[in-house]
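K.L.:
Next come the chains, spelled out residue by residue.
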Amino acid sequence: MMSRAASLRLGIVAIALVALEVACRSGAISDKVLVAPSRMVIAMAELLASGELLPDLEQTFSAVGIALCASVAGGVAAGLALHAMPVVRHALEPYLGAYYAIPHFAFYPLLVVMFGLGVMPLVLLASLFSMVVVIAATLTGLDRVPRVLLKTALLYRMTPWQSFWSIRLPAALPHLLSGVKLAVSYCFIAVIGGEFIMSTSGVGHQIALAYDNFQGARMYGLIVLVLLITVTTNMLLYGYERLAARRRGA
Amino acid sequence: MAAIAIARIRPVQNDPVHAIEARLEGVTRVYPPRGSHPALHALGPVSLELRKGEFFSVVGPSGCGKSTLLDALSGLARPTSGTVEFEGRPVGASVPDGVGVVFQEDSSFPWLTVEENIAFGLRRNGVDAAEVKRRVDYAVGFMGLGNFRQAYPSQLSGGMRQRVCIGRTLVQRPRLILLDEPFGALDQQTRLLMGDELLRLWRETGATVLLITHSLDEAALLSDRIGVMSARPGTFIEVVETAWPRERDSNLAGHADFGAVTAKLWTLLRAESQRAMGLGARP
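One line per chain: the protein sequences are A and B, in this order.
Residues 1 to 250 (the working numbering) make up the first sequence, in order.
Residues 251 to 533 (the working numbering) make up the second sequence, in order.
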């Protein structure tokens, strides 16, 4: 049984899609601006069926995957280190807070100059872009570990490392998951954005190519594909988060 | 109920008759100044000998250093001065084997089931699976958690969660169990029943128990001896002996001596509690 919120959510999307379809098909919106949703989906299906997109998908996803791993591992490690050094944390906190005011994409061409066109500058851009949300989530999570659980770690004579793995990390996990969810979106934004600006392959590059060649249906088809993939990834993470939260009675 | 001697009062002293499980000598705890906070003399000097197998409670006004005393005794925090011994060996900067601690706050792990919570320490110590199962089965049965083995702590009431924490301590087979106001957050009826279970646990395991409580009733009902502490910095003013039989439960509340013990504790504590609240002692 679907909840009322879920039906409403689907209903809003359905109404918007139908309205858009009608507006595009009737000519109220020019197909140079926007193509009908049905044409977007068909274009996406054709692209997928032809197999021509496979190398681009592979590049984009490997870049996102590597960047995500790097930003989660680096973000958790940096968060842990900052948490252990309150003075350093206090000194850096204003910078971390202002981090997202930096125009990261302005550095992308520089990264391309340094590392050449390919996966490397994309991975760097995406991990730098997404790491700070993971750091912030790690700090929040570690701050909220109940003191009594840390005392329990002492009872079991745990080393700081054991206490991190067995107690602090699982206790901080709900906050960490929120950070990871954001990092997934940030990685997609950075990789596809980077490819869009300057690249010879990748989903972002294909979007830019279709855009430059006035291939509206192809461009929107690709955007729908990206949307579907990110929404699915986020839903999976959300589902896992809910499962973990239900156990904890949150 | 067997005849019960009226509560006697004696100062803490070396006791040649009973085997000693743990000993505190001249223990003090002074927290160093931090920022704008001046140094805080929280505890002591206190000396105490816990007899092997006894049920000892500590009562005292709020902030008198009861928890600090427990931290020192368990090895969770080093005292500023003085010595702590458990089974004749000095307690250093870590919790010795054979000492179990139950805190006031719920310390169950929310990401583990009841069963996994109870098995946590055993699995860490590499106890083999069959033995873990045997001990967990026993603890689950003993604490009445049979129907909740696969439940997560969030699905349990406060009292049940505290049972999980006691179960987690129990499976380690501690010889000295320290409890820091473990029933402080529970309602009165649950407290009484948990007290009965604690007595049963104490009898069956033969462990020495030190219970910190702010409930005079609880101390009077459960204990062989009750240490009454002064306001901060806490020291023992008196140790009250109850002479209850080993087989006992909360039905003692109806016994005439129960009222006498509670009254005695309150007489000792009244002036100290007033002092702790910043009021002058009044007659």
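Read the hints as simulated data drawn from the structure, not as lab findings.
Keep in mind that a hint or two might mislead.
Label pairs and their calculated CB-CB ranges [to be verified]: (1) 404(B) to 9(A): 24 to 30 Å; (2) 404(B) to 165(A): 49 to 55 Å; (3) 109(A) to 404(B): 36 to 42 Å; (4) 275(B) to 162(A): 29 to 35 Å; (5) 58(A) to 342(B): 42 to 48 Å; (6) 236(A) to 344(B): 49 to 55 Å; (7) 18(A) to 400(B): 27 to 33 Å; (8) 49(A) to 400(B): 43 to 49 Å; (9) 162(A) to 383(B): 22 to 28 Å; (10) 376(B) to 49(A): 50 to 56 Å; (11) 110(A) to 383(B): 28 to 34 Å.
Model, not experiment: these values are computed from the prediction.
Built from N, CA and C at the ideal position, the CB exists for glycine as well.
K.L.:
Compare the structure with each hint and give your call.
P.N.:
Going through the hints against the structure:
{"no.": "1", "hint": "404(B) to 9(A): 24 to 30 Å", "verdict": "27 Å, holds"}
{"no.": "2", "hint": "404(B) to 165(A): 49 to 55 Å", "verdict": "22 Å, violated"}
{"no.": "3", "hint": "109(A) to 404(B): 36 to 42 Å", "verdict": "50 Å, violated"}
{"no.": "4", "hint": "275(B) to 162(A): 29 to 35 Å", "verdict": "32 Å, holds"}
{"no.": "5", "hint": "58(A) to 342(B): 42 to 48 Å", "verdict": "57 Å, violated"}
{"no.": "6", "hint": "236(A) to 344(B): 49 to 55 Å", "verdict": "42 Å, violated"}
{"no.": "7", "hint": "18(A) to 400(B): 27 to 33 Å", "verdict": "46 Å, violated"}
{"no.": "8", "hint": "49(A) to 400(B): 43 to 49 Å", "verdict": "46 Å, holds"}
{"no.": "9", "hint": "162(A) to 383(B): 22 to 28 Å", "verdict": "23 Å, holds"}
{"no.": "10", "hint": "376(B) to 49(A): 50 to 56 Å", "verdict": "55 Å, holds"}
{"no.": "11", "hint": "110(A) to 383(B): 28 to 34 Å", "verdict": "60 Å, violated"}
The structure does not agree with the numbered hints 2, 3, 5, 6, 7 and 11 stated previously, though it agrees with the rest.
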